[in-house]
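Residue numbers (my numbering), protein chains in the order written: chain A, 1 to 293; chain B, 1 to 261; chain C, 1 to 246.
If you are wondering where the hints come from, they were derived from the structure by calculation, not from laboratory data. Since we're looking at a predicted model, the values are computed, not measured. Errors might be hidden in some of the hints.
[Stated by the list, open to error] Some chain B residues judged to face chain C by a derived CB distance under 8 Å, without partners named: (1) V10; (2) Q12; (3) G21; (4) L24; (5) F25; (6) G103; (7) P104; (8) P114; (9) I118; (10) G126; (11) I127; (12) V207; (13) I217; (14) N223; (15) M233.
[As the list claims (entries may be wrong)] Which bits of chain A does chain B cover? Going by a derived footprint, with three or more residues having C-beta under 8 Å, they are: (16) 53-67; (17) 209-217; (18) 256-263.
Built from N, CA and C at the ideal position, the CB exists for glycine as well.
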Amino acid sequence: MERAGVGIIEADLVMDAGPCERDIRSAARGNGIRFQNVSMSFGGNRGGHPTLAVDDFSLEVAENEFLVIVGPSGCGKSTLLAMAGGLTQPTTGRLSLGDEPIVKPGPDKAIVFQTFSLFPWMTVIDNIEFGMRLNGVSPAERQRRIDYYLPIIGLKGFEDHYPKQLSGGMQQRVAIARCLVLRPRLLLMDEPFAALDAQNRTVMQEELVRVWSAHRPTVIFVTHSVEEAVFLADRIVVMTRRPGRIKDVIDVRDTTGAQHWRAAPLDQVMRRSDFQDLRGRVWDLIRDEIVIE
Amino acid sequence: MNRRTTYLRVGQLGFGAVSLGVILFAWWQVTANGIVSEFLLPAPAAVFEAAQRLSAGYLGSSLTAHLVASLSVVLSGYIAAVLIGVPLGILMAWSRPVDIAMGPLVAILRPIPPPAWIPLAILWFGIDLPGKTFIVFVSSITPCLINAYVAIKEVPANLINAARMLGAGNASLLFRVAIPAGLPMIANGLRIALGSAWATVVAAELVVATAGFGFVIMSGYRNIESDIMAAGMIAVAVTGFIMNLLFREVEKRVIPWAEHE
Amino acid sequence: MAGVAAWILVWWGVVSVFKVPPEFLPSPWQVAKKILWLAANDIGEGKLWLHLGWSLLRFLSGFMLAMALGVPLGLLMGHFRPAREMLNPLFEMLRNVPPIAWAPFSLLWFGASFGSQAFVIFVAAFPPILMNTQQGVRLTDKGLISAARMLGAGSFTLLFEIGLPAAAPAVIAGLRIGLANGWLALVGAEIIAGPGALTGLGFLVLVGQQNLQATITIGAMALIGIIGASLDYALCRLEASVARGA
Chain A
1 MERAGVGIIE ADLVMDAGPC ERDIRSAARG NGIRFQNVSM SFGGNRGGHP TLAVDDFSLE
61 VAENEFLVIV GPSGCGKSTL LAMAGGLTQP TTGRLSLGDE PIVKPGPDKA IVFQTFSLFP
121 WMTVIDNIEF GMRLNGVSPA ERQRRIDYYL PIIGLKGFED HYPKQLSGGM QQRVAIARCL
181 VLRPRLLLMD EPFAALDAQN RTVMQEELVR VWSAHRPTVI FVTHSVEEAV FLADRIVVMT
241 RRPGRIKDVI DVRDTTGAQH WRAAPLDQVM RRSDFQDLRG RVWDLIRDEI VIE
Chain B
1 MNRRTTYLRV GQLGFGAVSL GVILFAWWQV TANGIVSEFL LPAPAAVFEA AQRLSAGYLG
61 SSLTAHLVAS LSVVLSGYIA AVLIGVPLGI LMAWSRPVDI AMGPLVAILR PIPPPAWIPL
121 AILWFGIDLP GKTFIVFVSS ITPCLINAYV AIKEVPANLI NAARMLGAGN ASLLFRVAIP
181 AGLPMIANGL RIALGSAWAT VVAAELVVAT AGFGFVIMSG YRNIESDIMA AGMIAVAVTG
241 FIMNLLFREV EKRVIPWAEH E
Chain C
1 MAGVAAWILV WWGVVSVFKV PPEFLPSPWQ VAKKILWLAA NDIGEGKLWL HLGWSLLRFL
61 SGFMLAMALG VPLGLLMGHF RPAREMLNPL FEMLRNVPPI AWAPFSLLWF GASFGSQAFV
121 IFVAAFPPIL MNTQQGVRLT DKGLISAARM LGAGSFTLLF EIGLPAAAPA VIAGLRIGLA
181 NGWLALVGAE IIAGPGALTG LGFLVLVGQQ NLQATITIGA MALIGIIGAS LDYALCRLEA
241 SVARGA
């Protein structure tokens with residue numbers, strides 16, 4: 001079923017975006033994201049005590065940056081992502097993308113969900129096309145983008161399959177593709193590979209790097225895998241346990257230098273001693289936050 | 001289907017044939033030896049003969065005429081129930097004011113079993129097509145409405161979120177996401193409603209009718225012809241079975257992406 | 001509750017504004033008065049309590065019988081494959097007959113006053129109870145069964161200490177469906193048995209129609225609805241408490 005690593009197209013193949021009716025990207029305003037004193041609490045409206053999930057979170061993510069948030073279960077990392085995507089509003093504080101506040105979800109802030117969340121009644125092609133249809137992308141342009149991404153994500157030949165006919169790895173490729181075809185300013189990924197087995201996970205991590213490198217949208221990637229974080233990230237944000245606060249921010253580029261290691265295969269990178277040192281450092285930070293419940 | 005499941009299927013069919021054979025044999029023996037009076041339980045052969053009498057024409061109507069009498073009532077009431085129940089259920093699930101307004105009415109009417117409407121329907125609309133159509137309508141609107149309501153209410157939040165993320169507005173969310181997502185469950189409601197419509201029309205014909213399978217069974221009872229009663233029941237069962245089968249085939253074609261039993 | 005009251009007011013309003021004749025659609029007040037009248041006056045064989053009592057008695061007999069046969073047989077069929085394969089084709093075939101279509105035969109076999117209704121209720125309530133119990137046992141978590149066998153459980157222990165508790169939620173769900181089906185069938189059977197019975201809520205519904213007294217028909221329908229809803233509510237509570245325990 002799984003055709004891993006198919007479609008090796010040069011990652012830096014430059015794609016001519018061309019003029020399209022309503023291009024979602026508005027590069028002029030910048031695609032950085034900013035969290036200002038963001039807090040989030042749940043419940044408490046029926047007499048119970050509200051639970052503080054995220055506490056006073058402030059951070060700036062630069063345009064084109066690949067930011068990874070790691071932390072123990074329940075540290076509010078998925079909540080942060082939902083807020084960045086405009087799906088929920090913070091209790092206090094504000095978020096902005098470029099210089100606009102984030103108030104509602106939309107195709108400029110694409111999200112890849114842990115549970116894939118493909119539409120079961122649509123084929124692979126229809127799933128990928130759906131967002132473009134909603135946003136008035138012309139048929140010709142839709143076709144161009146599909147032709148570009150379909151081989152890259154290794155789904156050529158599966159256009160007319162329904163999601164239930166695909167493996168988990170392939171479903172998540174479709175979910176990533178439906179985001180990328182929208183040319184989002186911000187790509188939000190909520191533990192996207194957590195539901196995959198270890199081998200698929202490695203393949204997908206490497207493919208993500210390749211696909212992302214072509215257009216480099218700003219990425220916020222949430223995971224509980226330290227290894228994934230150290231491999232993919234420009235910067236890693238380590239969260240404390242609930243209520244989630246920033247425990248530390250680690251710039252991976254300080255270790256890798258200008259040539260980031262994610263361009264190389266994961267198994268090679270994992271043998272590097274500086275990778276192992278950094279992984280150990282992040283792991284030590286998280287270890288203190290894990291409580292056995 | 002692979003070979004192993006083929007063997008399993010054949011095995012099950014074998015078991016089924018044996019057990020049905022045993023039942024048939026017991027039925028035949030019990031009636032042939034006069035253990036049970038033929039007024040109470042007709043012999044298999046008598047039922048077969050009665051079925052032939054029925055298909056040749058019974059009490060002024062041919063088999064087709066009885067079938068058409070029952071089916072026309074089912075279809076008119078059922079289609080009306082689908083056309084009103086499904087949109088209303090969707091609307092109630094999607095819009096809070098509609099839910100608040102219509103919810104209590106549904107709560108009042110839902111616990112009343114469809115057969116309880118038979119006398120009132122006769123009182124209001126008479127014993128002909130309108131009265132029976134009304135009863136069928138009442139019996140099949142509930143599953144249509146409830147399933148549509150629950151289907152829309154239970155569209156997974158992650159699908160709604162995914163669509164919002166892709167830029168879907170309120171109308172797109174309803175028509176392009178929530179309704180397609182709820183379709184398998186809505187279809188299930190339509191299938192239950194069809195079964196309920198069929199059972200109800202038979203019940204109504206048992207009470208009062210001049211044609212239809214329910215009327216055949218009841219006439220058999222009044223004339224002490226238990227073989228006709230049994231033949232009528234078999235006709236009801238076969239028709240119900242075929243309707244269900246047809247529905248499932250259509251469902252598979254229309255909703256190819258859903259998990260089918 | 002406020003919404004229910006509002007709709008009853010709407011009913012009242014419609015009846016009084018459009019001057020609907022009471023033999024077609026009486027007002028809620030007239031229906032309520034009629035229910036009180038039925039409680040004090042004989043109709044058929046007796047007062048309201050008698051009709052109520054007969055209906056409940058018929059219902060409980062049929063339903064209890066369905067439960068007493070359906071649950072053990074379902075356990076057996078869920079646990080032993082041969083039993084399942086032998087009996088399922090039979091039930092699959094009988095399932096296509098709407099329970100109410102048994103009413104004439106049951107009149108023939110058991111008479112119009114008690115047995116016929118109880119039998120139809122049994123026929124209506126039995127299949128969901130049987131099928132759900134069977135499914136519940138069959139779908140017991142294989143891990144649980146393996147774990148119990150690893151701990152040394154025999155077939156008997158597996159059925160009664162693992163299968164039965166694991167199937168309990170499914171069994172109760174089946175009882176709920178059986179209850180609703182049975183209540184529906186009761187009313188149908190009482191109407192079909194008709195004047196032969198002279199008792200029961202279904203009889204009252206029918207008598208109202210035959211005497212062009214919509215007040216009686218609608219009053220009896222209201223009682224049927226209320227009792228059916230209460231029975232369902234009771235099983236719903238049971239379901240919730242079992243779910244908590246599981």
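Hints not upheld, ascending by number:
Hints 1, 3, 4, 5, 10, 11, 14, 16, 17 and 18 contradicted; others consistent.
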